[in-house]
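Undergrad: Okay, here's what each chain looks like letter by letter:
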Amino acid sequence: MTGVDDDVPDGRELLRVEGVTKAFPGVRALDGVDLNLRAGEVHVLLGENGAGKSTLIKMLAGVHRPDTGRVLVAGREVAVRSAQDAQRLGIATIHQEFNLVPGLTVAENIFLGRQPRTRLGLIDKRTMRARAAELLRRVRLDVSPDAPVAELGIARLQMVEIAKALSLGARVLIMDEPTAVLTSEEVGTLFGIVRELRDSGVGIVFITHHLEEIAALGDRVTVLRDGRSVAEVPAGTDEDELIRLMVGRDIAEQYPRERPAEPGAPLLRVRGLTREPAFRDVGFDVRAGEVVGLAGLVGAGRTEVARALFGVDRYDAGTVEVSGEELARGDVRAAMRAGLGLVPEDRKGQGLLLDASLGDNLTLARLERDTRGGFVDRRGPRREAAAVAERLKVRMSGLEQSARTLSGGNQQKIVIGKWLLAGARLLILDEPTRGIDVGAKVEIYRLVNELTAAGHAVLMISSDLPEVLGMSDRVLVMAQGRIAGELAGERATQDAVMQLALRPANGGNTYEVSAMEGSDVG
Amino acid sequence: MSAEVLRAPGGSALGQWFARAVLRNGPLGGLVALVLVMAVLSRDFLNGQNLLNVGVQASVTAILAFGVTFVIVSAGIDLSVGSVAALSATVVAWCATTEGLPVWLSVLLGLAVGAAAGLVSGALVAYGRLPAFIATLAMLSVGRGLALVISGGSPIAFPSALGGLGDTLGGRLPVPVLVLAAMGAVAALILARTYTGRAMFAIGGNEEAARLSGIDVRRRKLVIYALSGLFAAVAGIVLAARLTSAQPQAAVGYELDAIAAVVIGGASLSGGSGKVSGTLIGALILAVLRNGLNLLSVSAFWQQVATGLVIALAVLLDTLRRRSAR
Chain V
2 MTGVDDDVPD GRELLRVEGV TKAFPGVRAL DGVDLNLRAG EVHVLLGENG AGKSTLIKML
62 AGVHRPDTGR VLVAGREVAV RSAQDAQRLG IATIHQEFNL VPGLTVAENI FLGRQPRTRL
122 GLIDKRTMRA RAAELLRRVR LDVSPDAPVA ELGIARLQMV EIAKALSLGA RVLIMDEPTA
182 VLTSEEVGTL FGIVRELRDS GVGIVFITHH LEEIAALGDR VTVLRDGRSV AEVPAGTDED
242 ELIRLMVGRD IAEQYPRERP AEPGAPLLRV RGLTREPAFR DVGFDVRAGE VVGLAGLVGA
302 GRTEVARALF GVDRYDAGTV EVSGEELARG DVRAAMRAGL GLVPEDRKGQ GLLLDASLGD
362 NLTLARLERD TRGGFVDRRG PRREAAAVAE RLKVRMSGLE QSARTLSGGN QQKIVIGKWL
422 LAGARLLILD EPTRGIDVGA KVEIYRLVNE LTAAGHAVLM ISSDLPEVLG MSDRVLVMAQ
482 GRIAGELAGE RATQDAVMQL ALRPANGGNT YEVSAMEGSD VG
Chain S
304 MSAEVLRAPG GSALGQWFAR AVLRNGPLGG LVALVLVMAV LSRDFLNGQN LLNVGVQASV
364 TAILAFGVTF VIVSAGIDLS VGSVAALSAT VVAWCATTEG LPVWLSVLLG LAVGAAAGLV
424 SGALVAYGRL PAFIATLAML SVGRGLALVI SGGSPIAFPS ALGGLGDTLG GRLPVPVLVL
484 AAMGAVAALI LARTYTGRAM FAIGGNEEAA RLSGIDVRRR KLVIYALSGL FAAVAGIVLA
544 ARLTSAQPQA AVGYELDAIA AVVIGGASLS GGSGKVSGTL IGALILAVLR NGLNLLSVSA
604 FWQQVATGLV IALAVLLDTL RRRSAR
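Chains as they are written, first to last, in our numbering: chain V, 2 to 523; chain S, 304 to 629.
Since the hints were derived computationally from the structure, they do not count as laboratory data.
Keep in mind that this is a model prediction, so the values were computed, not measured.
The C-beta atom is built at its ideal place from N, Cα and C for all residues, glycine as well.
Each hint should be verified, as a subset may be incorrect.
Restraint-style ranges between C-beta atoms, simulated for each label pair [as the list claims (entries may be wrong)]:
#, chain 1, residue 1, chain 2, residue 2, range
1, S, 434, V, 78, 26 to 32 Å
2, S, 623, V, 78, 39 to 45 Å
3, V, 329, S, 433, 39 to 45 Å
4, V, 102, S, 434, 18 to 24 Å
5, V, 392, S, 434, 53 to 59 Å
6, S, 552, V, 84, 36 to 42 Å
7, S, 436, V, 490, 24 to 30 Å
8, S, 604, V, 25, 53 to 59 Å
9, V, 83, S, 436, 33 to 39 Å
10, V, 82, S, 626, 51 to 57 Å
11, V, 139, S, 431, 41 to 47 Å
12, V, 97, S, 607, 48 to 54 Å
13, V, 315, S, 489, 53 to 59 Å
14, S, 433, V, 266, 43 to 49 Å
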């Protein structure tokens, strides 16, 4: 424990998490996390995507339950089994997705389910309004308690959430990236409110990816990495040191990268791709035989770019060329004809027909090609599907098995196999190994090798830094909707990527300059 | 007295056996069980002529239900098929009888009107982003209204050239049953072998995944609803031929029978599954039930209760069967 915060006046311990672990099928989300929160402090929770922050706060909100370890509130061991338990213990969480009912007023939302009643059992609107007005004053929100929540902007919605937390008498307030959606002015207001709450004795767990906010607002920082709490440091800690703590690990020898010496001709050429506010002036090339990584924080615009260039969503400006031919905007079929394939990040929601057979899933993307005079040839494609499933080593009872019953890794192989069958030459893989066990991961990496060896190309979006660095020939880093830099070869280190992802260069598309900045670190 | 009659067909041992049969074999087991129960309870049930009657009674519902199967497999719903059937029949009769157009042309126009009604529903769903329930509920009203407008509210004699459609072949084989068989074969072919048919399963299974795999979801929806309208038109023409007149108030509520047949046949209302054979069995179950209860002189009021129970039971057992299969 550091000495800095021992002189915080009202330093009682509000919340303590000890050695908590949590495993999901195939993933160890938490692997020994300690955290303690005192009254009157802002405790920053820092970590990469997937480090375990969300799982931890969901545990404190009663969504998940720890496998092992203890949670203590005010010194007493507790079990947080439900949202009601959390509420009773004085723990309020403000998630990134707000829990407000758009059709109701501000006051009705604040007191949802706990409306003050009159003696007759009817809702006491006057009292409710008055108490809501008082709470709104505390969070300095200048809206009427009768305003419909649907009319409020995001910053104000957040304040309503905070008011709701206050009305519950929360002693512990957990805020999950509250600044991610705010303008700098709104961030200032939010900080003011957070400081007031802190001074009134509330303990605040604050999650942010913006390093500069840590020193401005925080008292202590707990760093999570790979599901473990690796350090607890004062908020004044140097930013470079914080980054080192967040990433500090070696790339294991689990990325069997093999590449042909020279990449071939450009397959994909993206120029000036823009759709405000998701992404702006995005440009890059992908050559035959190459794996290009697309790194960045969640929300940096990577998935949006992938969907736009595959024709799923529209874009306002820019061009996408495949083998020199410009693609029509917003036309998935044109992108497919040109040889693109997208393995989406949400495997179950966007990649698979879960209740359909593996055969139907594998042949889905070539349905049109297998159609002659309106009739679909099902036998020929079936044979090819069987061959692809064999090549990908899909563990299944047969092509008639339903996709739902496969493990995550085998499901992902089916989605990739679908594009192999469709003859895709450039695969966009969006978080291809999320939630997949290590064995299946390596099989997917080997498949990527096979593809590039055959002259195909892969654009790989991944929040798993070792994976991006281990598998990519070049890494593009996106931050706030722009390409913040490109890192190749030796310059592509975890520190350099995180530097670009967290502290984007101010200029436009000056790849080289920002890449140099990145490589200076460490 | 009615209560006694109701208890008679569903003795508890029989009920259990029925339940087990369905549990093991799905809708077909249910149909076989129901047929056996009816055969035991009524001497008149299991003779050739009566069974052909059941086929005739099932034909209109089944043809409507084939079209609705397409929509339900793609995770939509079509409430308008009863109205569209009446509208199409009315158009055929009006063209041929009132306006004196050639019968072949009148039939063509009737079919076109059915397909067009489906096309409009499909456009509202695919491009207007209306929930299918709302779009086809609107078409239910519009279709019925147009049928009334065209006919002035009274039945129009159906052209005698089409009378054969409601009659028998060689005095024995009812033509509606032949039409049913033909439309069933066409529907099965569409569902299993055509691009649109395979797209129905993909869209119903996961619309976003279908779109990301290059299925032109919106255009397919147009075709799907148009097919439903076309099948409704055929059903309407068969019905009018049997009644020898196109009645604007015909087929009211048939859409619910059609949906029930599809669901009894094992399709899921959430889309992605369904078979033409299942739908046919569903329509036959409804027809056998009605025919049998008629033979047993169960009152029409209690028949409705029994139909409702069978629908609930069939889907309940099917759900249980699937769950245990997992």
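Undergrad: Given the hint of 39 to 45 Å, check if residue 623/S and residue 78/V actually sit that far apart at their C-beta atoms.
TA: 43 Å, holds
Undergrad: Return holds or violated for the Cβ distance of residue 315/V and residue 489/S against the range 53 to 59 Å.
TA: Once the Cβ atoms are compared, 38 Å apart, the range 53 to 59 Å for residue 489/S and residue 315/V is violated.
Undergrad: Could one say that the CB atoms of residue 436/S and residue 490/V fall in the range 24 to 30 Å?
TA: Since the Cβ atoms of residue 436/S and residue 490/V sit about 57 Å apart, the hinted range of 24 to 30 Å is violated.
Undergrad: For the pair residue 604/S and residue 25/V, does the Cβ-Cβ distance stay inside 53 to 59 Å?
TA: 55 Å, holds
Undergrad: Taking the Cβ atom of residue 82/V and the Cβ atom of residue 626/S, is their distance within the range 51 to 57 Å?
TA: 27 Å, violated
Undergrad: Against the range 53 to 59 Å, how does the distance between the Cβ atoms of residue 392/V and residue 434/S compare: consistent or not?
TA: 42 Å, violated
Undergrad: Would you say the C-beta atoms of residue 97/V and residue 607/S sit inside 48 to 54 Å of each other?
TA: The hinted range 48 to 54 Å holds for residue 97/V and residue 607/S, with Cβ atoms some 51 Å apart.
Undergrad: Honestly, do residue 139/V and residue 431/S meet the 41 to 47 Å range at C-beta?
TA: 45 Å, holds
Undergrad: Do the beta carbons of residue 434/S and residue 78/V sit within 26 to 32 Å of each other?
TA: 49 Å, violated
Undergrad: Check the following: the C-beta atoms of residue 552/S and residue 84/V are separated by a distance inside 36 to 42 Å.
TA: 54 Å, violated
Undergrad: Kindly confirm whether 18 to 24 Å is satisfied by the beta carbon distance between residue 102/V and residue 434/S.
TA: 21 Å, holds
Undergrad: Can you let me know if the beta-carbon spacing of residue 83/V and residue 436/S is within 33 to 39 Å?
TA: 34 Å, holds
The structure fails hints 1, 3, 5, 6, 7, 10, 13 (numbered hints given earlier, in ascending order).
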